[in-house]
Amino acid sequence: MKCVKCRQPAVVEVRRHNAGFCREHFVEHVLRQVERTIDELHMLRRDDRILVAVSGGKDSLALWDILHRLGYRADGLHIHLGIGEYSSESTVKTRAFAESRGLTLHEVSVAEELGFGIEELSRRTRRIPCSACGTTKRHIFNRFAREHGYTVVATGHNLDDEAATLLGNILHWQTEYLGRQSAVMEATESGLVRKVKPLVRLAEREVAAYAVLQGIDYQVDECPMAVGATSHLYKEVLNRLEEVAPGTKHQFLWGFYERGRRHFPHEGRTLNACKVCGEPTTGEICAYCRLAERARAAAAGTR
Amino acid sequence: MRIPRRQEWEFKGPRTVKSILEELRINPETVIVIRGDTLLTSDAVVEDTDEIEVRPALSGG
Chain A
1 MKCVKCRQPA
11 VVEVRRHNAG
21 FCREHFVEHV
31 LRQVERTIDE
41 LHMLRRDDRI
51 LVAVSGGKDS
61 LALWDILHRL
71 GYRADGLHIH
81 LGIGEYSSES
91 TVKTRAFAES
101 RGLTLHEVSV
111 AEELGFGIEE
121 LSRRTRRIPC
131 SACGTTKRHI
141 FNRFAREHGY
151 TVVATGHNLD
161 DEAATLLGNI
171 LHWQTEYLGR
181 QSAVMEATES
191 GLVRKVKPLV
201 RLAEREVAAY
211 AVLQGIDYQV
221 DECPMAVGAT
231 SHLYKEVLNR
241 LEEVAPGTKH
251 QFLWGFYERG
261 RRHFPHEGRT
271 LNACKVCGEP
281 TTGEICAYCR
291 LAERARAAAA
301 GTR
Chain B
1001 MRIPRRQEWE
1011 FKGPRTVKSI
1021 LEELRINPET
1031 VIVIRGDTLL
1041 TSDAVVEDTD
1051 EIEVRPALSG
1061 G
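Protein sequences, first through last, are from chains A and B. Residue numbers for the first sequence follow the working numbering, beginning at 1 and rising by one. Residue numbers for the second sequence follow the working numbering, beginning at 1001 and rising by one.
No incorrect hints appear here.
Straight-line distance between alpha carbons at most 27 angstroms, and here's what the computed DSSO-like set of lysine-lysine pairs gives: (1) B/Lys1018 with A/Lys2; (2) B/Lys1018 with A/Lys5; (3) A/Lys137 with A/Lys275; (4) B/Lys1012 with A/Lys2.
Just so you know, these hints were derived from the structure itself, not from any lab.
So that you can see chain A by itself, here it is in the shape it has in the complex:
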């Protein structure tokens, strides 16, 4: 297979574009796809102070690398989740990446915030780990960005992540979530920081290929707590369709953004300040503080 740009041997094939790329032109292709997404969806401005949510996995490290290359001012925030060796390895890789590129990395530890990590939080509250972890991360990223003057939080969600979420929301007819599912979440007066997902035009496989070709040493292992997550099954199903009909995932997600979402309710929710932590919430106490409270109560009960 040859590169569509220069006819040199290709190293990556992107079937939905019916194209092969050499290393140089694949990197260029990825940068252009992200730039296009940022421009079309008005995601970022040159004067934005961007906080990248970095886990140490391929998506977040690739995103940070790409934003840096495109000339944006982007610092990283890494959260120590406290999921055994998986977490400590992720931290080591994140630090090494930041250091190698001279980027500013902030770190926050869940154990320092709560007194225990995600594993214990999930066990004590009997919440599905990914759900407890998501609530915790969203809270910390928003609060940190607000407290430190960042104007936008960027996450590494890719095309497969968002298409899988969309499939899940449709299978369960989560109409409220469907009304809100977007690659750009605007800031609110109540204190939600703007959130963007610049990788939504890139398939998971393309992000992985980019990371390897750029020599990014990322955490290759899957999170041990996410094994068997339904999101993985949705991805698998979508990739089976993609195998037979390349372009399916893109049409599914982007068709929804462009023609589907408007049919679902999108009411501006009234948000209040959480009575415990002050972060925005629809109720009186935010989901994170309720979760933390439940975990502490469970701990007290077992003593």
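Start from chain A and add chain B according to the hints.
Just chain B now, with coordinates in the frame of chain A:
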């Protein structure tokens, strides 16, 4: 499909990446194939002495 972690297989080369993935029943959309510091497309030929890594794209993040 879920690929068991760090499983090793041996094949007699030369063979294309495509035929190896087919035999392992792996959907090419879900993996990247690494040789040294570069990647292989599905039509690339793997020699008898080559070592390649079939890495799930899902991993990491």
